[in-house]
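S.K.: Position chains B, C and D against the provided structure of chain A, taking the given hints into account.
Protein chains: 4
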Amino acid sequence: MNTAKLLLHCPDRAGIVTDITNFISVNNGNIIYLDQHVDHVENIFFMRIEWDLENFLIPNEKIQDYFDTLYARRYDITFRLYFSDYCPRMAIFVSKLSHCLYDILARYTAGEWKVEIPLIISNHGDLREVAERFGVPFHVFPITKENKEEQEDRELQLLQDNRVDFIVLARYMQVLSDRMIYKYPNKIINIHHSFLPAFVGAKPYHAAFERGVKIIGATSHYVSSALDAGPIIEQDIVRVTHKDTIPALITKGKDLEKIVLSRAVHKHIERKILAYKNKTVIFE
Amino acid sequence: MNTAKLLLHCPDRAGIVTDITNFISVNNGNIIYLDQHVDHVENIFFMRIEWDLENFLIPNEKIQDYFDTLYARRYDITFRLYFSDYCPRMAIFVSKLSHCLYDILARYTAGEWKVEIPLIISNHGDLREVAERFGVPFHVFPITKENKEEQEDRELQLLQDNRVDFIVLARYMQVLSDRMIYKYPNKIINIHHSFLPAFVGAKPYHAAFERGVKIIGATSHYVSSALDAGPIIEQDIVRVTHKDTIPALITKGKDLEKIVLSRAVHKHIERKILAYKNKTVIFE
Amino acid sequence: MNTAKLLLHCPDRAGIVTDITNFISVNNGNIIYLDQHVDHVENIFFMRIEWDLENFLIPNEKIQDYFDTLYARRYDITFRLYFSDYCPRMAIFVSKLSHCLYDILARYTAGEWKVEIPLIISNHGDLREVAERFGVPFHVFPITKENKEEQEDRELQLLQDNRVDFIVLARYMQVLSDRMIYKYPNKIINIHHSFLPAFVGAKPYHAAFERGVKIIGATSHYVSSALDAGPIIEQDIVRVTHKDTIPALITKGKDLEKIVLSRAVHKHIERKILAYKNKTVIFE
Amino acid sequence: MNTAKLLLHCPDRAGIVTDITNFISVNNGNIIYLDQHVDHVENIFFMRIEWDLENFLIPNEKIQDYFDTLYARRYDITFRLYFSDYCPRMAIFVSKLSHCLYDILARYTAGEWKVEIPLIISNHGDLREVAERFGVPFHVFPITKENKEEQEDRELQLLQDNRVDFIVLARYMQVLSDRMIYKYPNKIINIHHSFLPAFVGAKPYHAAFERGVKIIGATSHYVSSALDAGPIIEQDIVRVTHKDTIPALITKGKDLEKIVLSRAVHKHIERKILAYKNKTVIFE
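Chains as they are written, first to last, in my numbering: chain A, 4 to 287; chain B, 4 to 287; chain C, 4 to 287; chain D, 4 to 287.
Chain A on its own, in the form it takes in the complex (with noise of 0.2 angstroms):
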């Protein structure tokens, strides 16, 4: 089935759902999911709307110009439009650790993602074993101090080559530059780990073990300029107890970071995530 997801914000009024519902049903498109969130304090309304293009009237190049002008300008909306059968392309960065590396590889080469991967980016070249294991081009850009604006240049301009759309950290400890998170607005998704915000920065799992929490956790979020504190897609935690060294923080750890990485990556590709300010809406 062809569908289009339209995922939109604007200030909330009587009778959005109504009219979106109905430029949908008089053009023959059948709603095959919807869902909406009035944020009250912000009075600003949420909604993700999918339907079956196969009797839609309007042809697939010209729903973005019709909705933008018929609804957009009135309602002040924010929106974006994607298609089913288009295939988002996704570029990795990862530094010397394997287990996100792994998982997202396994996934994608057992059809679980609907997802292409040209290229994964490095400022090592520990993981060129993995990536050559799964056949998936690895680029090494060593980066110091001197040479981090000429190499993420080289980066851009790469990403731009293979057409990519998202980037994904995984596990990359490695700040990314202003100007490159510009280009990739919350489009790029990070793991962090810890449950922020306890933890923000380097070691958090020493953090962790010194503060003597009872609990350790992962989070998966947007990138922006400021450390560790862009919109939260996923979070997620594990037990942990007194006998836990950092050793063991960090292994049991791991488990988290991987599968909380790979829920916020699946749900950015199945665009149920609409970032508004530094928040996300998440849709089931």
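Be aware that one or more of the hints could be misleading.
To be verified - Covered stretches of chain A (in silico footprint by chain D; criterion: 3 or more residues with CB under 8 angstroms from a CB of chain D, positions within the stretch not fixed):
1) 167-174
2) 242-256
Unchecked claim - Quick list of in silico lysine-lysine cross-link-like pairs, DSS-like style, CA-CA up to 30 angstroms:
3) D:Lys99 with D:Lys148
4) B:Lys270 with C:Lys255
5) D:Lys99 with A:Lys117
Don't read these hints as lab results, they were simulated from the structure. These numbers come from a predicted model, not from an experiment. We put the CB at the ideal spot given by N, CA and C, even for glycine.
M.R.: The following block gives chains B, C and D in isolation, referenced to the frame of chain A:
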């Protein structure tokens, strides 16, 4: 804010969402909540919609009739209509264990739930003191094989006299007769002390200990005529280890039971549950 | 069965376990529980050992002295000795929220815990009625900047008169002075409504909403002079979504708070917690 | 550090802990881990003890004999002795699903586990490519009713030739014959895709969907001759809703399955599991 809540299901067909949202909008109702679900296996459409009644043009007492005439017949819709200003009346059935009863009465007294509790019924006198602490009338109906029918008649009369809308079995250790269940279809909420369908019937903690499980659970469900087999509303679990004896399982389980039961009761009061066949759709 | 429980820690050295188990065995004590832990970072040995006193050759009142003389000095052991037939005395401090208080009093009244609760102290009169329902004396000490020292003096006197062993802050919304904390070192249990160290201080649910987290938590800990920074005893979390408003977070959080606090209190009563520096060892 | 790990159980009696810790101490072994458990229902004492071999006076090859002679006979102890410098050898059995296999091979390749994997056995050829990616020999034994005995003979020979210590069934969809199970008692680890004992047998996700549960689970257990009824090692769950179709349950379940299986394998490798009757004692 006074609102109407409409829960419905019907065979899935294009145009339903549009028609129903239209019905509300053209009559000046502002939709403040809409969630829908399609069961593609059974091809059933489910919806919960809530709207502000302030400027709604149809008087409350006529909405049921109008909706029935205009839409329910056309789409073969089964629906229930609720008004937020009505306070549902709930009876509690208990036996000897107090933890669920205390949890419910504490919430009730603290004003957490919009509900009236006109009475507590028990087959034992043990918890009279608890009921008295909270000033709720307590009625004892000892049940034997011989007097079961007669006692249930008296209970049913009492429930009717008190205009009871739904019943909560807060660890009531007596099987209800079918007659009683049919009087309150999907209106009797039970808590079973296992993660159903594991450990149906008596002494689930003993069975869990015997089997050596590493998690135990609790399940709240609507009572149907098949034992512990009605539509599940809510479940939760807690980890256990080989160190947990049967009394330890019971202690851990009590906390689960009361929380899981109270979550289910709260959802029922908020009209967020739609039971269909032997399952529930839980709107958020 | 009357038992002795010994909790101890000391610099780690070979032979300690053997010596201590020997001490109990040669004196005809039957060990019914033994758990030990070594913190290899600090090189500290921790142990909890419990034995049946029935045939134990050393009289109860001399065990402390014998153990001190024979082992504590030799191994530089810090230890506490408890007898199962002593019923610890606990004071509850509350302000205006009743959910934790109800949960504790229901357990107390139902006989779940081996504890005496001679009194409840509050800085407000709101919960007097709850205390009266359960027949526990309720004392109000309104606190202002000006009278804080004087009021705490009166509270300390009252605690002493009632031979209170430990204090539970059941959502007591008033910071204790250091003087009070030093009087009850690792004997004041607080519940904080976040997964610490995230959201220290006031209004953590508001902060969680603002940050857009996908899980919220609760943390019980011993009170130290640094705000919300004492040794953590127990934590738990619950999932939330973008649909959860601040009142919804507060409602979900209340269930967490009361369960997490009661778990901590129960472990404290059972003598399963050994606080060391700013962490806890929790024996099972 | 080279260590010995001793796991034992015997009828509970006073003095055992003291005697065994004495045995290690007087022979200059430094105890680095000790955990014990008494099952008061069965009156069985369980212990796991680990000690540094550096200065231990008894040579490794004689410890088994000495312990047997000096203690096992006296206390009727059943025990197993392991040395940390031995690397256990594990075979993987798979069918067509790759997620558990990838998870195991990624951990293996990354060096997370101290284990050798000399071979993978399958009843289908589908996952040969995965095995080849990781350079592990892959053997296909298609099984029919007619050839089952003969094929299992060949498998047993292959396992023996490769000196395999234990077997992991990573979603192997073929019931093993009792003969095979008896050869590897409590040495075959299976993953079942439900929270046992709910949904024993085939198609548990379909059954879970049908029943309308709100949580699904996965269970790793040792294989016994009764289907899905062996000693449980580890379980975990994930929440589901009415929106989750059967394919959605399968997708959510896969993540559970691989994590729960890998946790069980890890504990087995670390010698932290003691199976007794139909249960496990899991040391931490």
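S.K.: Holds or violated: the stretch 167-174 of chain A covered by chain D, criterion of 3 or more residues with Cβ-Cβ distance under 8 angstroms?
M.R.: violated (count 0)
S.K.: Does the stretch 242-256 of chain A contain three or more residues whose Cβ lies closer than 8 angstroms to a Cβ of chain D?
M.R.: Per the Cβ count (3), the hint holds.
S.K.: Are the Cα positions of Lys99 of chain D and Lys117 of chain A separated by 30 angstroms at most?
M.R.: holds, 20 angstroms
S.K.: Need the status of pair Lys270 of chain B, Lys255 of chain C: alpha-carbon distance at most 30 angstroms?
M.R.: holds, 13 angstroms
S.K.: Decide if the proposed pair is consistent with the structure: Lys99 of chain D and Lys148 of chain D, CA atoms, cutoff 30 angstroms inclusive.
M.R.: Given pair Lys99 of chain D, Lys148 of chain D holds - Cα atoms ~19 angstroms apart, limit 30 angstroms.
Checked against the numbered hints given earlier, this structure breaks only hint 1.
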